[in-house]
Each structure stands twice: as structure tokens, then as C-alpha cells.
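A.B. asks: With the hints as a guide, bring both chains together as one complex.
Here's the letter readout for the chains.
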Amino acid sequence: MTELLLRSGIVFDPLNRIRGEKMDLAIRDGRIVETVSSKAKIIDASGMVVMPGGVDIHSHIAGSKVNSGRILRPEDHEKDAEKRTSITRAGVGYSIPSTFTTGYRYAKMGYTTVFEPATPPLKTRHTHEELDQIPIIDKACFPLFGNNWFVMEYLKEGKLEECAAYVAWMLNAVKGYAIKIVDPGGVEAWGWGRYLKRLDEEVPHFAITPREILRGLCKINKLLGMPHAIHVHTNNLGNPGNYLTTIETMDCVADLANSEKPIIHITHVQFTGLTGNSWLNVGSGAPEIADYVNKHDHVTVDPGQVVFGDTTTMTADGPFQFLLHKLSGNKWVNVDVEGETGAGIVPFRYRRSNYVNAVQWGIGLELMLLVKDPWKIYLTTDHPNGGPFTSYPKVITWLMSKDARGRVLARINKNARRRLDLPGINREYTFEEIAIVTRAGTSKSLGLKQKGHLGVGADADIAVYSIDVSSIDPSRDHEFVRKALAKAAYTIKKGEMVVREGEIVATPTGTTYWVDPKVSNDLMQETTASLSAKFEDYYTVRMANYSVEENYLESPTKIEVPAEV
Amino acid sequence: MSVPVECSEISPNSFAGKTLDQIRATEVWEGNQRNRLDDIFQVKEEGSTASEMLTVRIVGDASRIRKIGYRMTEGSMVVEGDAGMYLGEEMSSGSIIVSGNGGAWLGSKMKGGAIEVKGNAGDFVGSCYRGSTKGMKGGTITVHGNAGTEVGCWMRNGTIRIKGNSGMFPGMHMNNGTIYIEKDCGGRAGAQMTGGKVIIGGYVAAILPSFNVEEVREKVKVGEEKIPGPFYVFTGDVNENGNGKLFINVAKNPHLKWCGEYLE
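Residue numbers (our numbering), protein chains in the order written: chain A, 3 to 567; chain B, 758 to 1021.
Fair warning: there could be bad hints in the mix.
Derived SDA-like pairs: lysine to any residue, alpha-carbon spacing no greater than 20 Å straight-line [as the list claims (entries may be wrong)]:
{"hint": "1", "chain 1": "A", "residue 1": "Lys85", "chain 2": "B", "residue 2": "Glu766"}
{"hint": "2", "chain 1": "A", "residue 1": "Lys81", "chain 2": "B", "residue 2": "Ser889"}
{"hint": "3", "chain 1": "B", "residue 1": "Lys894", "chain 2": "A", "residue 2": "Glu80"}
{"hint": "4", "chain 1": "A", "residue 1": "Lys333", "chain 2": "B", "residue 2": "Val995"}
{"hint": "5", "chain 1": "B", "residue 1": "Lys891", "chain 2": "A", "residue 2": "Asp312"}
{"hint": "6", "chain 1": "B", "residue 1": "Lys875", "chain 2": "B", "residue 2": "Thr890"}
{"hint": "7", "chain 1": "A", "residue 1": "Lys333", "chain 2": "B", "residue 2": "Thr951"}
{"hint": "8", "chain 1": "B", "residue 1": "Lys978", "chain 2": "B", "residue 2": "Asn1000"}
{"hint": "9", "chain 1": "A", "residue 1": "Lys328", "chain 2": "B", "residue 2": "Ser889"}
{"hint": "10", "chain 1": "B", "residue 1": "Lys868", "chain 2": "A", "residue 2": "Glu77"}
{"hint": "11", "chain 1": "A", "residue 1": "Lys328", "chain 2": "B", "residue 2": "Thr951"}
{"hint": "12", "chain 1": "B", "residue 1": "Lys940", "chain 2": "B", "residue 2": "Ala963"}
{"hint": "13", "chain 1": "A", "residue 1": "Lys85", "chain 2": "B", "residue 2": "Asn789"}
{"hint": "14", "chain 1": "A", "residue 1": "Lys333", "chain 2": "B", "residue 2": "Gln790"}
{"hint": "15", "chain 1": "A", "residue 1": "Lys85", "chain 2": "B", "residue 2": "Glu784"}
{"hint": "16", "chain 1": "A", "residue 1": "Lys85", "chain 2": "B", "residue 2": "Lys868"}
{"hint": "17", "chain 1": "B", "residue 1": "Lys891", "chain 2": "A", "residue 2": "Gly311"}
{"hint": "18", "chain 1": "A", "residue 1": "Lys328", "chain 2": "B", "residue 2": "Asn932"}
{"hint": "19", "chain 1": "B", "residue 1": "Lys894", "chain 2": "B", "residue 2": "Gly980"}
No wet-lab data here; the hints were simulated from the structure.
Bound-form chain B, shown alone (with noise of 0.2 Å):
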């Protein structure tokens, strides 16, 4: 049963008005089959569907369930297990929490709302497609867990918090926004980025050679949070004559010491 389902109906917008009949009626592609949605899920209502804010929750192990929260404009969703791969692709508003691991492209085009994940995302999270220069453009994305690489990639604005560490490239090619990485970074960090910031709280074994560094500060703001440092502060990439902004925790990495020499 590893089938990936395609679903880009599942949303509460798309649900919003509809009797419980039509939405268990609603056409996903299980592989090249095309399906039900009560085919997949046990659908049940409670409550009354006329209400704007309403609550879609799955239970169980949704992950090979694509798109969940596709174009999502209202309300909000649940996901109790994990979800699968392009959860809350372009939504634009309402919130996402999920109690188990997210997939990769977790929210990519995303243009506003919240996606809150428990556990573990895969790569690619607020990024865009491969090819298209249109990442996350707006909204939070908090990853308790680890996250892939390439966060964020081609961001254009928002905030991305990684709890855990995130593999190689986060922040590439980004122009705007936030990218918060509380713990370890797989490296190469921020290549190619032409604006914003990528905040890394732990370890990281090497800055590209294409950042100059700037200064040492404090701390640094994450929307209205201030994180605690210190920071070395590098600029770039200079290849993309970016000004995109790396900070990097001093004291959980001491291999970085020789940036103080160009500091004095």
C-alpha cells in the first residue's frame, strides 16, 4: 500500500459548504486509479460544515496522502500521524499542525498561514519546484524535528524555524525572509542567497567562501523574538552580488575563531 494518493481537494476551503456526501465523493488519484475519497478515509462530520473556520482532521499515517491543504485560504487542519509529501502548497492562510513527520516540499509556494510540524520534515521545506525561481513567499513554518536540505530554498519572504538540524543548503538562492536553524547545519549554508537571513544556533562545519565577514553581534531578531548569541555575521553571496545575511553561533563553533582576526 505505498501507492501515493494525489488529493488537492482536501482543505477546509474546498469542504466549506459542502454536505458530507459530496465531500466523501471527492475524486483523488490513488497511483494511476482514480478514487474516492471514502475509498481512503473513513469521513465523518461533527458539527455543521456552514461554519467558515472549520477543523479538518486526519487520523492516522497520512503520508503517502499528497497535497493536503493544497491552496488553503481559511481554517484550519490537523494531521495526527504523519502527512506525506507537498502538505499546504500554496496555502495563503489558516493553519497546519501536524502531530507526526511532514514530507519533503512541506509548504513550498506557500504565501501565508502557519504549518506547525512535531516530528521530522523532509527536504525541500518552503521551497518551490525544481526549475521555478518562486519559493515560500509569506507565513511561518516551525519544524520541531530535523529538516532535509535545501530549506527554504528560492524564499522570497516569511519565517522558517528549524528545532532539530537541517541538512545542506538551506537558505539557497533566497532573497527574503527568515530561516532559523536552532541546532546543527549540514553546510553551505545560504549559497547563491541575494537576500535575508539564515540563523544557525549550532554547529557548522564550514561558511562558503563567497561570505565576507562582518561583525560579531549579540543576538538577532527572529520576528518579534530576540535569540541570544553571539553571532558571527557574514554577508553574500558574493557571487549573485547578494546581501543576504548568515549568522552563526560563536560558541558552538570555535573552528570559526579566525573570523575574529578580520574583525579587529
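Extracted from the complex, chain A is given alone in its bound form (with noise of 0.2 Å):
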């Protein structure tokens, strides 16, 4: 029996409506509890921020086409060598992270757990066998259903239950956690050489427009109770004026919604809120979408802001990932096309001083800033797409400090700063607000009841940042703030000390969450009689070998959830 008493931190904990209150945390194995006995240790974090452990939702750092990436940048981390410790390994950055190293720097920002956000599920045996590689954090993976040929054929022939129980098979087949949706219809398009842009137009030889698909699939979300919302990608990434088509997207759920959670989570809008008809006259549809957003219960978005500098992008968009390279001339590398999927990796600097990227990161902070309610906007960067995760600490500045985003607007190209409404924005983000976007609502929208909060029962999972509440105020002493979030004082994970001072402690193995939905047994049967005839047509892998055995997994936790059929 461990037991650790955290004591006198300035604790910010949302979801129970604790506001920057002084107060002791119990932790017993693992869980927050009532109280310890006096043998447990004491770790003093007076004039310290205490948050849940961080919780992103949208990071890509396990799979296929990440692993890729890392082959097709040695430069990315030649610049950028960790040699090993007597705990750590060794490793290498940049923005594409050895496995090793993803851990380590999450950790030290205080995140505890991390959503592997794009896998095409013929490959997920790899995306799993990646995040086992991973220290520390707790992990999962949303398999990829936009542009499956199964889930097309299910839907158009209008077999709802059928592909419900297709879904239920494919996620406990690769154990994953969600259903994600890429450009859906649009990359299939794509391979038969076609541009889809609007919700509309048919996918060729399936007949099924990708308006269909989201419907669909977001019934059949709710048919199988998944814990988090369609995670969706949404047609025409990264052509101006497509922020219409985002518009379009969330509202073509709208009936569907109910009361009691999102139904569509709307991810980095900052690649598909751009206004305009040209990259000449490209502009932020930000204050369109956050309007939207604030307007409407059944939608949350990310912006997957844009952090200026050398990254890599990388999604599982084959098509706009296409555009990319022809338009920056940057070398590219086409992957998963092979799977269920596709995707494409081109390495990218965004410069202050393009137009186009200057307004790009305007957006991100704008929706950031315009949509009212933090229990509806996640903190992402899509890691490595707008940036590295380690850029969070500078953007989390950016939303705290008027004065911080300032600076960097001060030095952006000016055309863009001139039709950026962002220079009139005046909120600043509080540090509740900070753990609702990190932390609480992203916890909350993926459906982790034992996540984001710091309540009795739940995981002992905390980030303690060495921040004096009482003296420093974030919206001058963003710097401070910066580095301070940067480098977690403590991080505790699991009721273990994985941090101190910024340093990595100890390197415990994190769990990986999947979700199995329990369909009725006739109609999981019936399907995946027929789906065995369908492997034989269309696989290169018989059925009986595709599934990912749970005792593949280090350590998966299972979260069995009831289907309505």
C-alpha cells in the first residue's frame, strides 16, 4: 500500500467546481481517497498549481504513417538528441518524437494521457505496438472509418445495425477507442483520381456522398454508447473557403443531436476555417465557426494551432497532404493506401511572414478565444501537424496573456494581422479555464470518468506546476508561466512521483483504453458471417489473423459499454 499526501496546492480541479481553492490531495494506490494514514508520504506543493494530469485528445504519436514520418526526416532529429540516463532511454525529437521520448517530454508538462488520433485499422497491430513503447502515459487509439469500403457498402445498402455490429467487430478486432472520420469518402475519391469538395458529391463506384457517411456513422455512434463523439476530419482540409464546409459538416448532424453529450467533435478547425477563394485572399472564418459553436450543444471542436516554426505534417488526408507538396515543393512520402486508409506526410515551416501561415495561426487563437464556452473547445496542436505538443506551454501563454500573443502579432506578415480580428480580442484564459482545455473537458468529452478531475475515486493522475498564484499574474508574467508549464514540478501518474523538477523519476508503463461495444449476439453473428466472405474479396489477411489478441497489448484496459442493438 503506497500512499502520498500532497499537500497545500492551489488546486484547479473543473469538474468537481474547485476554483483555485488551498487544499490536500489523499492518494492511495493509485486513487484519490478520503484521507491517509500518518505513514504516507508527504510532498509539500505550497504556492504550486495543482491540475489533473493533462489529457489530450488529438496527438498523433503512434502508427503507420507516424513512423514514416520519422524515416522520412533524419534531419528532424538529427537537431534534436536526448542522450539516455540512468532512468531514461535515449531518443530524439523533433516534431516526430521516438517513442521514448513522446513519453518523457508528455510527462514533464504534466500530461498524463494522450489519444493516438488517426489508425488505419489493417495496421493497428503496429499503432499498438508503438504506444506500448510509450512510458508513462495512459494511451489509445481512434481507428480510421471514413472512407472503409465495408461501412459504405453497410450504409448505402441502408444496413445501419449491420455496420453498427461491423463498427462493434472493428474496434474490438484492433482495439480502439472511437470512431474517427478522414475526409470521409474524399481519400477513396482520391485513389480513383478525384477532388471531393462538398458534402454532396458522390464517391465513385459506392454511391454514397460523405453527408451519408457522417450521418451514419454518427448513428451509429449512438447506437453502440461510445464514450467520445465521431471524431471528425472534415472534407476539403486546406482550400479556402472551406469553412463552409466545416459549417456544413457540424450542421448536417444537428438532428440528431440529444441532450445529454456531443454528438460531433470537430477537429483542428484551423486547417478547415479559412475563408476566401484564393490563397491571395485567404481570411479567418473563425468568427463564423465559433459562432456556430456557441449556437449549437452537439458539436466541440480543436483547433490544432499553429506554433511557427519546423514541423512535420501528417494525416491521414492522402489528397490534401498531395496539395501540400505541390505547393510547398517539399518532399512528401504516400502511406496506408494499402489499408482501409491513406495518408501523406510532407515536413513544413510555417513562417510569420507568409501570409497564409500568419492567418493560419490566427484562426487557431481566435476560435480559442471566440468560442464562449471552454467545456466546447479542446487544446490541440495536432501534433505534429500545427506544431510539436511541446509547443503547448507557448500556446496555453498565447490564450492566458493578451501581452504574449501581442508580441508574436506584432511581428507577423501585415496583411494578414490586418484582416485578423484577433488584435481586438481582449479575453485572456484563467488557469480554470487552462484545465478545462487541457484537461477536464478533454477527459470529459472522451468519456474517462476516472480522468481530468481530481475528485475521490479517481485516477491519481497530477500535474503540480511551480506557479505562485497569489504573486504572479499570468497575463504579465507569461514567460514565467511558460516555462513553468513547460516543466511540471511534480507529475504524478498513477499515485507514482514520474517528475520532479522537471526530470523524469521513474517510467512506469501506462495503459492503453479500448472500447468494446456489446452488440446483441444474433447480429454479431450474422455479421461477421458475411464479413468473412468480404475478407476473402477484399483482404490480403484472413479474418481469423486480423484481430489485434487483447494479450498483444501490455496492459489494456477494457471499457465494455452496452449497444442499443
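C.D. replies: Below, the structure written as C-alpha cells:
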């Protein structure tokens, strides 16, 4: 029995409505408890900010395209190598860190749970192999369904229940967590040399539209009782004027909304919030999108904030990456096209002086600042697409301090500055709001009941930052806040101290969450019978060899959910 | 004793202002062992280290010593023998003279200054590491012997002069600067180049099909010097929308006579 007492920290726990109160936290065997015995080890957190461990909803940390990105970019690693220590392994950054380094760097920032948002089902065995190699943090992955042939066929034939059973089977087979949809139908269309730019265009050979795919999977998500909403990367990404597609995508499932929880999450909106009709006159569609989000409760968003500098873009949206490769002239690779999806990887440098990049930077921040309810928006950089996750502290200071973002604003392309609403926005996030967008909101959205809060029974995943809220004003002392957030004073993972003074002190293994929707036996048997015939037709792998066995994962945690079908 | 030694501290600017004992204690990595510089070299001092224009002399076979003159900013270095890989990496000023052979990645990512190698050089002279797009940016490299493949890969400026032969792909991906190979070239010169010039004074078996022949020129300038020709002038690489120039000696390449038909 290990006991810890975290004494006198200033606690921000929005889910339990604790707003910066000085209190003690008792921890026993990896959980938060009411009290501990006098033998408990005491950690003094006086004059420090205490929050639940960070929960990242969208960060590409593992999988075949992440690894292809590593292979593509030796120059990215060369500039950022870390030596091994007696506790940690050697590794490299910068924008696509090696697995161990990923775990260490997240823990150093006080993050303890990270979700990999796009894994091609056929290659998810690889994703799990990488996830298993990421120490400390808990994790999960979202399999891609938006261009899946079976899904498109089922939905076309109106077989919603069979499709739901198929999705349930797939989640179980690959040990996935949520339904991820990338450019629904668009990646498949691109395979036939076509771009789908609107929700009502048909996917070649499947006679189905992106709208039907989105609505179908949204209904299935509800039928299966999934903990997270459908996680959507919209069509038409990276094209000027696409903010309309984003709003249309959010709106296309509006009538399916229920009062309990949001049903659609639109990710990295910065890439899909462009106004204008060419690269010369792109502008920010953030005000319009934020307005829609403010008026509707069925939707949540994340910005995929751009951070100026060198990074690697990678998404399952092969068509967009090809476009970016053509625009930038940078090298690229196209992977996963032999699986159920597709993907592309292009190194990219966001430049302050570049008009389009500066507008993209502004869109993310405008969105974060204009969405009034912090429970509807989560902080991401779509790592590594907008910038590496290690720049979260920088992004947080931009949110907390008008001065911090003003300093960047003063140095960006002046035409972009003129077109953005950002200079006129005075909102500054509080620590409580930061705790919502980085932990409480994300874990609520993901349906993680043990995470994102510090109530009794919660996992003892805690981040402690040496920021004295009585003397530090984040609006003014943003530089101090950034440094403190980058190097947590303590990170506690499952009741164990893993980071002290910004250095790793222990590297336990985190768990991998996966969701197993319980569909009725009859339906499942019927569906798998017809599936095995399709497997013979379409796959290079036998259906029996396709599944990732649960014991293949180092430390799996199954979340069983009762389905309606 | 073929274990490589990595030391990025052997340069005039790194030694300047240090005492002899401090220099002897410089950390070097010999394979996976952390050693001192005087475990590998006898370090002697002649004159004063206070002088800004310091000369570092390395006597003997230094072919397993990597990164000699790393990020050198001043002074001069003389290697009396062979030098290892990455000689003069990222140097910005000063000079290095090697009386023996140089290794691979000689003058990689170099920004200024001069390197002269009396013997042969390895592959990737004046290039950058794999994956990077930022090769040599300035300065001059002169190799009196032969060089290996991919001379001046991703070169952005500066001059490389190979007095002997070169391997394949000189000037690959280059976008500015000059490469002059006085003798023969292994072929595929200027692949994917977007700018700059590659001059081949000797024989080359073939020109890539993605180059257009433009004219025959009597001479070509390398710095202030005018190299007598005549030369066929090609531009490319068309695949990259490039405007690089290849100068190929007419007399040494009679098999390229067909180019003349396009120039009439």
C-alpha cells in the first residue's frame, strides 16, 4: 500500500467545481482517497498550482504514418537528440519524437493521457506496438472509418444495424477507442483521381456522399453507446473557403443531437476555417465557426493551433497532403493506401512572414478565444501538424496573455494582421479555463470517468506546476508561466511520482484503453458470417488473423459499453 | 584501433584562450568511451594561445578523428596526414589544409572559409546530412585528388573544385554555387538541380535526359578565373523546373557531338 499526501497546493479541478482552493490531496494505491494514514509520504505543493494530469484528445504519437514520418525526416532528429540517463532511454525529437521521448516529454509537461487520433485498422497492430513503447502516459487510438469500403457499402444499402455491428467488431478487433472520420469518402475518391469538395458529391463506385457517411456513422456512434463522439476531420481541408464545409459538416448531424452529450467533434479547425476563394485572399472563418459552436450544443472542436517553426505534417487525408507537397515543393511520402485509408506526410515550416501561415496562426487563437464555453473547445496543435506538442506551454500563454500573443502578432505578416480579428480580442484564459481545455473538458469528451478530475476515486494523475497564483499574473508574467508549464514541478501518474523539477524520476507503463461495444449475439454472428466472405474478397489477411488479441497489448484496459442493437 | 573518435572541440576558436591543461582535458568520445584529448594525441604548445589567429596542427594519421574543425570561426588548421569524416562541418571562416586524404562529408554544411585537401576526398563533399535540404552555403573547397559521389548535394552557394575525378551525381539538388570537376565524372551530373553550375572538364558518359542543350561557350568563369573550353551548356533539371547549368568540355566528349545538331 503506497500512500502520498500532496499538501497545500492551489487546486484547479473544474469537474468538481474547485477553482483555485488551497487543499490537500490524499492518494492511496493510484487513486484519490479521502484520507491517508500518518505514514503517507508528504509532498509539499504550497505556492504551486495543482491540476489533474493533462489529457490530450488529438496527437499523432504512434502508428504507421508517424513512423513513416520518422523515416522521412532524419534531419528533424539530428537537431534534437537526447542522451540516455540512468532512468530514461536515449531518443530524438523534434517534431516526431521517438516513442520513449514522446512519453518523457508529455510527462514533463504534466500530461498523463494522450490519444492517437488516426490509425488505419489494418495497421493498428503496429500502432499498439508503438503505443506500448511509450512510457508513463495512458493512451488509446481511434481507428479510421470514413473511407472504409464495408462501411460505405453497408450505409449505401441502408444496413445501419449491420454496419454498427461491423464497427463494433472492428473496434474489438483492433482495440480502438472511437470512430475517426477523415475526409469522408474523399480519400477513396482521390484513389480514383478525384477530389471531393462538397458534402453532396458522390464517392466514385460507391454512390454514397460524405453527408451520408457522416450521418450514418454518427447514428452508429449513438447506437453503440460510444464514450466519445464521432471524431471528424472534415472534407475540403486546406482549401480557401472551406469554413463553409466545416459549418455544413457540423450542421449535417444537428438533427441527431441529444441533450446528454455532444455527438460530433470537429478536429484541427484551423485547417478547415479558411475564408476567401484563393490563397491570395484567404482569411479567418473562426468568427463564423465560433458563432455556430456557441449556438449549438451537439458539437465540440479543437483548433490544431499553428506554432511558427519547422514541423512535419501528417494526416490520413492523402489528397490534402499531396496538395501541400505540390504547394510547398517539399518532399513527401504517401502511406497506408494499401490499408483501409490513406495518408501523406510533408515536412513544413510555418513562417511568420508568410501571409497564409500567419492567417492560420490567427484562426486557431481566434477560435480558442471566441468560443465562449471552454467545455466545447480543447487545446491541441494537432501534433505534429500545427506544431509539436512540446509547444503547448507557449500556446497556453498566448491564451492567458494578450501581451504574449501581441508580441507574436507584432511580428507576423502585416496583411494577415490587418485581416485578423485577433488584435481586437481582449479575452484572457484563467487557470480554471486552461484546466478545462487541457484536461477536464477533454476527459469529459472522451468519456474517461477516472481522468481529468481530482475527486475521490479518480486516478491519481496529477500535475503540479510551480506557479504561485497569489503573486504571478499570467497576463504579465507569461514567460514565467510558459517555463513553469513546460517543466512540471511534479507529475504524479497513478499515484507514483514520475517527474520531479522537470526531470523524469520513474517510467511506469501506462495502460491502453479500448472500447468494446456489446452488440447482441445474433446480430454479431450474422454480421461476422457475411464479413468473412468479404474478407476473402478484399483482404490480403484472413479474418482470423486480422484481430489484435488483447494479450498482445502490454497493459490493456477494456471499456465495455452496452449497445442499443 | 579503428574505433571512430568524435570530437567537435578540435578547432582554433575552441582552443583559443584555454591553457594547455584545459585543452588536454577536452572531452572526446572514442567509440562509446568518454576520454580526454591527450589519451589520443600528444598535445604540445608552440607560441601563445592568446593570439586570435591560432593555428592548430595535427600530425599523423587522423583518419578516425571525426569533426575536426567543427563550427570553426577563425584561425587555421593543418592536418599533416589523413583527416576523418565531417572535416570542417559548419565552418564559417578560417582555413583547413589537409596534406593527406579527407573523409566523407568534407565541409558539410560549410558557410565560409576554405578547405584544401591534397589527396582524395570521400563522398558528399560540401553536402548536408541525409534528409536535410541545407547543404554548403559558402566558402571554397579544393580537392587535389578525386572525390566520391554526390559532391555538393543540396549546395546553396560557394565553390567546390575537384582537380581529379568525381563519382556520380555531382551537384545533386544544388540551387546555387559552382562545382568544377577538372577531370572525369561518374555521370548523372546535376540531377534535380534547380540552380548553380557544374563544370566538367573531362569525360562524362551521358547527360541526364532532363537537361536541354543551349549553346557552346568558349570559356566559363569560376570565381575570377576563366576556364578555357569550349563547353556544351545544358540547363535543367527540367523535372524540377530548374535553371541550373552544366558545362561539359566539348573536346573530351566527342560522343556528345549529336548536341551540335540541336544548336544549328
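A.B. asks: Work down the list of hints and note, for each, if the structure agrees.
C.D. replies: Hints and how they fare:
Restraint check: the Cα-Cα separation between lysine 85 of chain A and glutamate 766 of chain B comes to about 19 Å, which is no more than 20 Å; the hinted pair holds. Of the pairs offered as hints, the one joining lysine 81 of chain A and serine 889 of chain B holds, with about 11 Å between alpha carbons and a cut-off of 20 Å not exceeded. A C-alpha spacing of about 19 Å is found between lysine 894 of chain B and glutamate 80 of chain A, which places the hinted pair at or below 20 Å, so the restraint holds. A C-alpha spacing of about 17 Å is found between lysine 333 of chain A and valine 995 of chain B, which places the hinted pair at or below 20 Å, so the restraint holds.
The suggested pairing of lysine 891 of chain B with aspartate 312 of chain A holds, with an alpha-carbon distance near 14 Å, which does not exceed 20 Å. As the CA atoms of lysine 875 of chain B and threonine 890 of chain B are separated by approximately 28 Å, the hinted pair breaks the 20 Å bound. Between lysine 333 of chain A and threonine 951 of chain B the alpha-carbon distance is near 15 Å, which keeps this suggested pair within the 20 Å criterion. For the suggested pair lysine 978 of chain B and asparagine 1000 of chain B, the alpha carbons sit about 17 Å apart, so the restraint of at most 20 Å is met.
At roughly 18 Å between alpha-carbon atoms, lysine 328 of chain A and serine 889 of chain B fall within 20 Å of each other, so this suggested pair holds. Distance check on the hinted pair: lysine 868 of chain B and glutamate 77 of chain A sit about 18 Å apart at the alpha-carbon level, within 20 Å; holds. Among the hinted pairs, lysine 328 of chain A with threonine 951 of chain B is consistent with the structure: their alpha-carbon atoms are about 16 Å apart, no more than 20 Å. Restraint check for lysine 940 of chain B and alanine 963 of chain B: the C-alpha separation of about 15 Å stays at or below 20 Å, so the hint holds.
Between the alpha carbons of lysine 85 of chain A and asparagine 789 of chain B the distance comes to roughly 12 Å, so the proposed pair stays at or under 20 Å and holds. Distance check on the hinted pair: lysine 333 of chain A and glutamine 790 of chain B sit about 37 Å apart at the alpha-carbon level, beyond 20 Å; violated. Between lysine 85 of chain A and glutamate 784 of chain B the alpha-carbon distance is near 16 Å, which keeps this suggested pair within the 20 Å criterion. As the CA atoms of lysine 85 of chain A and lysine 868 of chain B are separated by approximately 28 Å, the hinted pair breaks the 20 Å bound.
Restraint check: the Cα-Cα separation between lysine 891 of chain B and glycine 311 of chain A comes to about 16 Å, which is no more than 20 Å; the hinted pair holds. Distance restraint check for lysine 328 of chain A and asparagine 932 of chain B: the Cα-Cα separation of roughly 18 Å lies within the 20 Å cut-off, and the hinted pair is therefore satisfied. Taking the CA atoms of lysine 894 of chain B and glycine 980 of chain B, the gap is about 15 Å. The hint holds against a cut of 20 Å.
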